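Participant: Here are the chains, one letter per residue:
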Amino acid sequence: MNAFMNQLPIGLSIGAVLLLIALGLTFTFGQMGVINMAHGEFIMAGAYTAYMLQDWAGRQAVLVALPVAFAVAGLMGLLLERTLIRRFYGRPLDTLLLTWGVSLVLQQVARDLFGAPNVQVKAPTWLVGGGEWLGIRMPYARMFIFVLAMLSVAAIWFYLSRTKQGRRMQAVMQNRELASCSGIATSRVDQRTFFIGSGLAGVAGVALTLIGPVGPALGTYYIVDAFLVVVAGGLGRLQGAVIAAFVLGLLNSYVEFWSDASLAKVVVFAVIIGFLQLRPQGLFVLRSRKLT
Amino acid sequence: MLEVTGLEVAYGRAQVLFGVDLAVPAGALACVMGRNGVGKTTLLNAVMGVLPTRAGTVRFEGRDITKMPTHERVRLGMGYVPQGHETFGQLTVAENLRVTWEASGSKDRSVIDEALDVFPRLRPLLKRRAGFLSGGQQQQLAIARALVTRPRMLILDEPTEGIQPSIVTEIEDVIEHLHKERGLAVLLVEQYLDFAMRLADRFTVLDAGVVVHEGAGAELADEGVQRLLAV
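So the protein lines, in turn, are chains Z and X.
Mapping of the first sequence onto full-length UniProt numbering: position 213 corresponds to residue 213, and the numbering continues sequentially without gaps.
Mapping of the second sequence onto full-length UniProt numbering: position 217 corresponds to residue 217, and the numbering continues sequentially without gaps.
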């Protein structure tokens, strides 16, 4: 029973990382129709940011890296949008190929800069070890990741529903043409969305340094699952992404616990395919009743 | 106020407008008429910059705006209500107006109240999501949203199409009020002949992407013109 319950924090923290990654994807996909395969490399960039900061911040690097990685990954996303992706708006399949290419280039750049072998980021001492709660072993690092994701969701929710820029983002996501007819500079909103979405991937990258090694291909392990979260949750929907991310994270870690990692993937894929047969639009739908 | 000359618009290889000319003098109400699929909506979309033009110019108050992005045209004073009572469905009525007001860069919040004074029926619905309103309510919100941008010219695409009859008259009265009392120039795409006949100073009839007739509003009663519009 204990071994069973001990999987809980593992599943939740995987879900939390997926959520951080999927938030950015769901907004860039939902708002601009861009399937950004290079999103995974923003995760990797965030993780290497934490690695680099160790020289300067020592064991507190992870904490310092959170805002820095957000900015680094965010700027990378912004640059990608400005230079390449915006030329491909309205052509989702072309952006997929384009960003996949960018993804490969970025991985190679990371290999050249940091070397092919994995590197390690030392967690702050206060995140090492764990406590026990109701007989469940709760590793501090995994709890930290969970809290981090929850805070990010709260921040995004606040941004979307309570700020001027967030309202604009919602307007563009719901009806791009009407937004521009309402005087909203949609391309500026797109840039901001890209910055925030990519920045969150950077934060996810920092979180991942707490539970595993950092390598040039780090992002590729998570990008597919994050896309599954986006599709299952419904494009551009916050609640959908939250639920789908945790269901996927828990499902993955429990099936893995009972069998092995490859079977877990098979089960997760089967569940998602089955679910999408029943609800192709995902858990939540962006557009509501629309007449004519 | 608005001058369109030689406008050509195409979707890929399919050309829709072939050298359309159109003029809306300041304070006038101009009506674009024609059967379905002749390019009326395309014309309005091109005037607003939602669609790129292939040739021709669009001038607003003497300024060439042919290449200007849509949101800047809105700031110049062109208020657009697209076809199909479009709203931001997941936002509340209040948020729909607020996001538009914020984008206008205006500090003066009273524009929202003024828009609501025009459509008092929206007041009790402020906290409702726009997507759950009836078609007529959505259209009132759509026009109110355009008013929040403080337009000097209102561009409306079939504002009464698919709307319950009780609200149609209300919307027509509002358009008449805005035009006559506030002196807004109006460019209207309309199928209802009697409404156009009552209000239009000028009208333009489109057929297959070209202007086949234009004239003063009174001429709309003319049999030859009515034949051009008959389905």
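By construction, these hints were calculated from the structure, which means they are not laboratory data.
Be careful, since some hints might not be right.
If you want the footprint, here are the derived chain X segments under chain Z, 3+ residues with CB under 8 Å [unchecked claim]:
| # | stretch |
| --- | --- |
| 1 | 30 to 43 |
| 2 | 75 to 87 |
Restricting the straight-line Cα-Cα distance to at most 25 Å, the calculated cross-link-like pairs of lysine-lysine (DSS-like) are [to be verified]:
| # | chain 1 | residue 1 | chain 2 | residue 2 |
| --- | --- | --- | --- | --- |
| 3 | Z | LYS164 | X | LYS127 |
| 4 | X | LYS127 | X | LYS107 |
| 5 | Z | LYS164 | X | LYS107 |
Bear in mind that the values here come from a model prediction, so they are computed numbers and not experimental data.
Just so you know, even glycine gets a beta-carbon here, dropped at the ideal spot from N, CA and C.
Participant: All hints, please: hold or fail.
Facilitator: Status of each hint after checking the structure:
no.: 1; hint: 30 to 43; in the structure: violated (count 0)
no.: 2; hint: 75 to 87; in the structure: holds (count 7)
no.: 3; hint: Z:LYS164 <-> X:LYS127; in the structure: holds (17 Å)
no.: 4; hint: X:LYS127 <-> X:LYS107; in the structure: holds (22 Å)
no.: 5; hint: Z:LYS164 <-> X:LYS107; in the structure: holds (13 Å)
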